[in-house]
Amino acid sequence: MKKGLFLLTSFVMILISNITMSQCMDEKLKASCSSLLNSFIFVKSFKVDSGSTEYSYVFSKGTMYMITVCDEAEENNKMVVELYDRAHKLVASSFDKKTGKHYAKIGYPCSATGVYYMKYSFKGGKPGCGVSVLGFKRN
Amino acid sequence: MKKQFKKVIFLALAGFFLSACGDKKNSQEEDLDKLLDKKTKTMEVADEVVSDIILSIPPPIELASLVQSSGADYSDEILNDLDKIDSYTSGFNRGMALGAMGADLGYVNLYEKTGVSLEYLNGIRKVADDLNIGQFFDFETIKRLADNSHSIDSIVGISTEGFEKMNNYLKEKKRGNISMAILIGGWVESLHIAVQVNKQSQIPNKELIERIGEQKIVFGDINVLLDIYKDDVSLTKVAKDMQKLKSLYNKVSITYEYSDPVTREVDGMLIVEQNTKSIVNIDDETLHAITEEVEVLRNKLY
Numbered sequence: 001m002k003k004g005l006f007l008l009t010s011f012v013m014i015l016i017s018n019i020t021m022s023q024c025m026d027e028k029l030k031a032s033c034s035s036l037l038n039s040f041i042f043v044k045s046f047k048v049d050s051g052s053t054e055y056s057y058v059f060s061k062g063t064m065y066m067i068t069v070c071d072e073a074e075e076n077n078k079m080v081v082e083l084y085d086r087a088h089k090l091v092a093s094s095f096d097k098k099t100g101k102h103y104a105k106i107g108y109p110c111s112a113t114g115v116y117y118m119k120y121s122f123k124g125g126k127p128g129c130g131v132s133v134l135g136f137k138r139n
Numbered sequence: 140m141k142k143q144f145k146k147v148i149f150l151a152l153a154g155f156f157l158s159a160c161g162d163k164k165n166s167q168e169e170d171l172d173k174l175l176d177k178k179t180k181t182m183e184v185a186d187e188v189v190s191d192i193i194l195s196i197p198p199p200i201e202l203a204s205l206v207q208s209s210g211a212d213y214s215d216e217i218l219n220d221l222d223k224i225d226s227y228t229s230g231f232n233r234g235m236a237l238g239a240m241g242a243d244l245g246y247v248n249l250y251e252k253t254g255v256s257l258e259y260l261n262g263i264r265k266v267a268d269d270l271n272i273g274q275f276f277d278f279e280t281i282k283r284l285a286d287n288s289h290s291i292d293s294i295v296g297i298s299t300e301g302f303e304k305m306n307n308y309l310k311e312k313k314r315g316n317i318s319m320a321i322l323i324g325g326w327v328e329s330l331h332i333a334v335q336v337n338k339q340s341q342i343p344n345k346e347l348i349e350r351i352g353e354q355k356i357v358f359g360d361i362n363v364l365l366d367i368y369k370d371d372v373s374l375t376k377v378a379k380d381m382q383k384l385k386s387l388y389n390k391v392s393i394t395y396e397y398s399d400p401v402t403r404e405v406d407g408m409l410i411v412e413q414n415t416k417s418i419v420n421i422d423d424e425t426l427h428a429i430t431e432e433v434e435v436l437r438n439k440l441y
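So the sequences go chain by chain: A and B. Here the working numbering is used: the first residue of the first sequence is 1, the next is one more, and so on. Here the working numbering is used: the first residue of the second sequence is 140, the next is one more, and so on.
Honestly, I wouldn't trust all of these hints.
As the list claims (entries may be wrong) - In silico DSSO-like cross-links for lysine-lysine, where the CA-CA straight-line distance does not exceed 30 Å:
1. B:Lys416 / A:Lys61
2. A:Lys123 / A:Lys30
3. A:Lys119 / A:Lys89
4. A:Lys28 / B:Lys265
5. B:Lys416 / A:Lys98
6. B:Lys355 / A:Lys61
7. A:Lys119 / A:Lys97
8. B:Lys338 / A:Lys137
9. B:Lys390 / B:Lys345
10. A:Lys47 / B:Lys304
11. A:Lys61 / B:Lys390
12. B:Lys310 / A:Lys126
13. A:Lys137 / B:Lys304
14. A:Lys30 / B:Lys310
15. A:Lys137 / B:Lys416
16. B:Lys416 / A:Lys119
17. A:Lys98 / A:Lys123
18. B:Lys383 / A:Lys61
19. A:Lys137 / B:Lys355
20. B:Lys338 / A:Lys61
21. B:Lys345 / A:Lys61
22. B:Lys313 / A:Lys47
23. B:Lys312 / A:Lys119
24. B:Lys345 / A:Lys89
25. B:Lys310 / A:Lys119
26. B:Lys304 / B:Lys252
27. A:Lys30 / B:Lys282
28. B:Lys252 / A:Lys137
29. B:Lys379 / B:Lys310
30. A:Lys119 / B:Lys355
31. A:Lys126 / B:Lys304
32. B:Lys383 / B:Lys345
Claimed, not checked - Stretch by stretch, here's where chain B covers chain A in the computed footprint (C-beta under 8 Å, at least three residues):
33. 48-62
34. 88-99
35. 110-118
Rather than coming from a laboratory, the hints here were simulated on the basis of the structure. Keep in mind the model is a prediction, meaning the values are calculated, not measured. Heads up, the beta-carbon is just placed ideally off N, CA and C, and yes, glycines get one too.
Full structure from sequences and hints, please.
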């Protein structure tokens, strides 16, 4: 009886875990993140489903970009994006260390064309689930 | 960091795979299974690297937007001829043409040419269906938005997202060479639009010339991808066709002047202000040669 209960509990836990994983790939999260773009045009979306992930992108001079950050709103494990330039020098972070504030949107009017790096991590240090959408605005 | 890590894993697995080929084994059957397994693992890591590089390349709409914002007049003479659609018979050719038509669609949409836009949309639908990826492009929504004169930015955004979905599907189905064809076709066509608009301009458009020169960065990424796909016959031919353009872009240089960023909050959004500058050096002779070569390349590719 106990063995059966244990197996059933294990099965339910695995099922819940799988559902959580599939939600990470959910189009709804991407759609809500895209809606933050407002007047910016969708360019790319980036999935973040591990502890720390880095993507690169060629930003163009004279273009205004917006990076949106969306996660599953897990308390104390907010997703943070850090933008680095081609020399890997930090340009901006969605988390302000001084005020402790998290920003869901970063606006970047690019003045130098080159490869930029977007490094995603979770503030609590735990693996999390999030989506980031990049948009641009026509001049 | 992630990309570098994957590249190290990729090279390590490739090395392991190659060294395993030289080992003597007792069972031939076991060897074949192991080799296939190792090869599959190697290819999976390579797919991730390819996917990351593809993700780093801007969609054609960005260059088209820069062309439009330069104040250039619209010209449909520079677009890819839709009558050529039936001549694309292989999957690779169709991929190239799909990428090119996607770039043309973006350009046409930005100038709000609804009638022409619908023609390109139909062309994309046909070629995408031929490639069995038409289901990822929301044709009906785009047509409805175009018919109702909705925000052009929404139409452009949905179209760009459609191409992203196609690309994700192709990655999932291990059809990376078709993704590459779409990417190259789109890039060549957007570059073609930029150089032709510049050529037709009465006075030199400094901003546009700079954008053309900056394509050296994206072209660099494309060359990295072509190198990864050096065992693919179609892409090897493309790499060969692109050699002259590569040597021309080697004459373009980009330098940087750095400055520290400053951030401020505006309506809940973090705005970054930075005066780091990129300076593009491209002489008239090189620009002219690039313009001519893109035309030649385009005729070879699609």
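Flag every earlier hint the structure violates by its number, smallest first. Violated hints: none at all, because every hint is consistent with the structure.
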